[in-house]
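**Student:** Build the full structure now, drawing on both the sequences and the hints.
Protein chains: 2
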Amino acid sequence: MNILLVYAHPEPKSLNGSLKNFSVKRLEDAGHVVRVSDLYAMKWKASLDADDSMDRRSDMRFDPALDSKRAFETGRQSEDIALEQDKLRWADAVILQFPLWWFSMPAILKGWVERVYAYGFAYGVGEHSDARWGDRYGEGTMAGKRAMLIVTAGGWESHYSPRGINGPMDDVLFPIQHGILYYPGFDVLPPFVIYRTSRIDEAGFSRIRDALGQRLDDLWNTTPIPFRPQNGGAYDIPQLTLRPEVAPDQVGFAAHTG
Amino acid sequence: MNILLVYAHPEPKSLNGSLKNFSVKRLEDAGHVVRVSDLYAMKWKASLDADDSMDRRSDMRFDPALDSKRAFETGRQSEDIALEQDKLRWADAVILQFPLWWFSMPAILKGWVERVYAYGFAYGVGEHSDARWGDRYGEGTMAGKRAMLIVTAGGWESHYSPRGINGPMDDVLFPIQHGILYYPGFDVLPPFVIYRTSRIDEAGFSRIRDALGQRLDDLWNTTPIPFRPQNGGAYDIPQLTLRPEVAPDQVGFAAHTG
Chain U
1 MNILLVYAHP
11 EPKSLNGSLK
21 NFSVKRLEDA
31 GHVVRVSDLY
41 AMKWKASLDA
51 DDSMDRRSDM
61 RFDPALDSKR
71 AFETGRQSED
81 IALEQDKLRW
91 ADAVILQFPL
101 WWFSMPAILK
111 GWVERVYAYG
121 FAYGVGEHSD
131 ARWGDRYGEG
141 TMAGKRAMLI
151 VTAGGWESHY
161 SPRGINGPMD
171 DVLFPIQHGI
181 LYYPGFDVLP
191 PFVIYRTSRI
201 DEAGFSRIRD
211 ALGQRLDDLW
221 NTTPIPFRPQ
231 NGGAYDIPQL
241 TLRPEVAPDQ
251 VGFAAHTG
Chain G
1 MNILLVYAHP
11 EPKSLNGSLK
21 NFSVKRLEDA
31 GHVVRVSDLY
41 AMKWKASLDA
51 DDSMDRRSDM
61 RFDPALDSKR
71 AFETGRQSED
81 IALEQDKLRW
91 ADAVILQFPL
101 WWFSMPAILK
111 GWVERVYAYG
121 FAYGVGEHSD
131 ARWGDRYGEG
141 TMAGKRAMLI
151 VTAGGWESHY
161 SPRGINGPMD
171 DVLFPIQHGI
181 LYYPGFDVLP
191 PFVIYRTSRI
201 DEAGFSRIRD
211 ALGQRLDDLW
221 NTTPIPFRPQ
231 NGGAYDIPQL
241 TLRPEVAPDQ
251 VGFAAHTG
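Protein chains in written order, with full-length UniProt numbering: chain U, 1 to 258; chain G, 1 to 258.
Honestly, the hints are just simulated from the structure, not real lab data. Where hints are given, some of them may not hold.
Claimed, not checked - Within a straight-line C-alpha distance of at most 27 Å, the following computed DSS-like cross-link-like pairs (lysine-lysine) qualify:
#1 G/Lys-25 - G/Lys-43
#2 U/Lys-25 - U/Lys-13
#3 G/Lys-25 - G/Lys-13
#4 U/Lys-25 - U/Lys-87
#5 G/Lys-69 - G/Lys-145
#6 G/Lys-43 - U/Lys-69
#7 U/Lys-13 - U/Lys-43
#8 G/Lys-145 - U/Lys-43
#9 G/Lys-45 - U/Lys-69
#10 G/Lys-13 - G/Lys-45
#11 G/Lys-25 - U/Lys-43
#12 G/Lys-145 - G/Lys-45
#13 G/Lys-25 - G/Lys-145
#14 U/Lys-87 - U/Lys-13
#15 G/Lys-69 - G/Lys-45
#16 U/Lys-69 - U/Lys-87
#17 G/Lys-145 - G/Lys-87
#18 U/Lys-13 - G/Lys-45
#19 G/Lys-87 - G/Lys-43
#20 U/Lys-43 - U/Lys-69
#21 U/Lys-13 - G/Lys-69
#22 U/Lys-45 - U/Lys-87
#23 U/Lys-45 - G/Lys-45
#24 G/Lys-87 - G/Lys-13
#25 U/Lys-45 - G/Lys-69
#26 G/Lys-13 - U/Lys-45
#27 U/Lys-87 - U/Lys-43
#28 G/Lys-69 - G/Lys-43
#29 U/Lys-45 - U/Lys-69
#30 G/Lys-13 - U/Lys-69
#31 G/Lys-25 - G/Lys-69
#32 G/Lys-145 - U/Lys-87
#33 U/Lys-145 - U/Lys-13
#34 G/Lys-43 - U/Lys-45
#35 U/Lys-13 - U/Lys-45
#36 U/Lys-87 - U/Lys-145
To be verified - Computed list of chain G residues with no C-beta within reach of chain U, every gap over 10 Å:
#37 Leu-5
#38 Val-24
#39 Ser-129
#40 Leu-212
Small disclaimer: the values here were computed from a predicted structure and weren't measured. For glycine and all other residues, C-beta sits at the position ideal for the given N, C-alpha and C.
**Tutor:** Okay, structure coming up:
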């Protein structure tokens, strides 16, 4: 299988760097083909702007969505964007690996999402009608591919527990797992999360490596998070609210997992 | 009062640009002093890296937290970071204005947070003991200051309702309002959110301006979101989970609002 690892940490000699190297080797040893987008090493341009189209005109009003649509349709996207889209098309599975900074992904990775996820590629895909609201949330360009997060956090696991002060990790990651991965069609596997990263000793690192290796070995037979497909009957369209009979008394992120 | 508006949109001739100009004028007309950090116009460096310290050594391992701590303590931070920290110290209120891209803030603004929120300035502040876990979540450098989000979203309001497919807007914004603003001590006002931005006509824009103007007029007498202070007795320390008697049957983000 083809696996794309999108990796966002500035220091190769870090826990993240070690785990990235470990993952590449483990996957290659299992016979997979691995490509790594090492965003810091690539000096990835983080900020979405008019330069993302080769047809940029400084006298024209820049519209982030419509200019992205035009550049994508006409093959006039900035080359770094087109290359990452090719990697996504090529991949059978995509892993995003990053440290959790301020309860989300690092800016450089957010900027990879914003720029690579073009209109017509990751959003604005498919028909909009009374019965469908585009190919998204379970359908879209990434349908049939798997995705998984590898996340490191400085805080304790209890701080991210159901009643922990930072909010439950599932909810902290929902905008990424549901909003960035499930949205264009990925099947999203449960995340691999490492807590309290400043206190990991040799034995701890060895346990983490074993657990991560197991998750990588199981990439093709782990059950994805059962998010509800948008066009599968659970939602009223176009309001896109859960139908009354679905998870009847639930509100919030958890209601979108079946 | 002194107000800092941190603004992240690439196009001045946009809805966001118009609202930013409107807000500055409204606040100045009311006698406030306003400074704007227009991140795109400033070509703000989005990616946190070793260059954020003037003492960068390419032969040394870069540690995002410890290098930030050292540079902050010794006054050796990159100048753009120190200037933004000065603005935050100066401000009585801070407004973050941005379009919601992939269910979070644009990368350029995320990178402002990551770089300006230095160790010792916005985190790693205060004593850690059995009774306290740092000055954060209601305490810290920003204590006594107010903060508010102005957010534009392409989707419909129903898509962000309690049972809407994107998740409730309060939950989507929790990592920012609680995790980025309340964390270093801001009192966080309810957000001003504009939906379905591609379908706003003249009359709609006029209504939005009026509503936003009212919110700006009320900046000093709007009741903040009642997030629970970390060190106020609601949490067991150091686990930082809600004590059993607090919101006894609740889990998730909403449990942290009293």
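**Student:** If a hint holds in the structure, say so; if it doesn't, say that too.
**Tutor:** Hint by hint, here is what the structure shows:
no. : hint                 : verdict
1   : G/Lys-25 - G/Lys-43  : holds (24 Å)
2   : U/Lys-25 - U/Lys-13  : holds (16 Å)
3   : G/Lys-25 - G/Lys-13  : holds (16 Å)
4   : U/Lys-25 - U/Lys-87  : holds (19 Å)
5   : G/Lys-69 - G/Lys-145 : holds (23 Å)
6   : G/Lys-43 - U/Lys-69  : holds (24 Å)
7   : U/Lys-13 - U/Lys-43  : holds (17 Å)
8   : G/Lys-145 - U/Lys-43 : violated (36 Å)
9   : G/Lys-45 - U/Lys-69  : holds (26 Å)
10  : G/Lys-13 - G/Lys-45  : holds (22 Å)
11  : G/Lys-25 - U/Lys-43  : violated (38 Å)
12  : G/Lys-145 - G/Lys-45 : holds (26 Å)
13  : G/Lys-25 - G/Lys-145 : holds (21 Å)
14  : U/Lys-87 - U/Lys-13  : holds (26 Å)
15  : G/Lys-69 - G/Lys-45  : holds (19 Å)
16  : U/Lys-69 - U/Lys-87  : holds (19 Å)
17  : G/Lys-145 - G/Lys-87 : holds (12 Å)
18  : U/Lys-13 - G/Lys-45  : holds (23 Å)
19  : G/Lys-87 - G/Lys-43  : holds (17 Å)
20  : U/Lys-43 - U/Lys-69  : holds (25 Å)
21  : U/Lys-13 - G/Lys-69  : holds (19 Å)
22  : U/Lys-45 - U/Lys-87  : holds (17 Å)
23  : U/Lys-45 - G/Lys-45  : holds (10 Å)
24  : G/Lys-87 - G/Lys-13  : holds (26 Å)
25  : U/Lys-45 - G/Lys-69  : holds (26 Å)
26  : G/Lys-13 - U/Lys-45  : holds (23 Å)
27  : U/Lys-87 - U/Lys-43  : holds (17 Å)
28  : G/Lys-69 - G/Lys-43  : holds (25 Å)
29  : U/Lys-45 - U/Lys-69  : holds (19 Å)
30  : G/Lys-13 - U/Lys-69  : holds (19 Å)
31  : G/Lys-25 - G/Lys-69  : violated (37 Å)
32  : G/Lys-145 - U/Lys-87 : violated (45 Å)
33  : U/Lys-145 - U/Lys-13 : violated (31 Å)
34  : G/Lys-43 - U/Lys-45  : holds (12 Å)
35  : U/Lys-13 - U/Lys-45  : holds (22 Å)
36  : U/Lys-87 - U/Lys-145 : holds (12 Å)
37  : Leu-5                : holds (19 Å)
38  : Val-24               : holds (20 Å)
39  : Ser-129              : holds (16 Å)
40  : Leu-212              : holds (21 Å)
Hints 8, 11, 31, 32, 33 from the earlier list are contradicted by this structure; the remaining hints agree with it.
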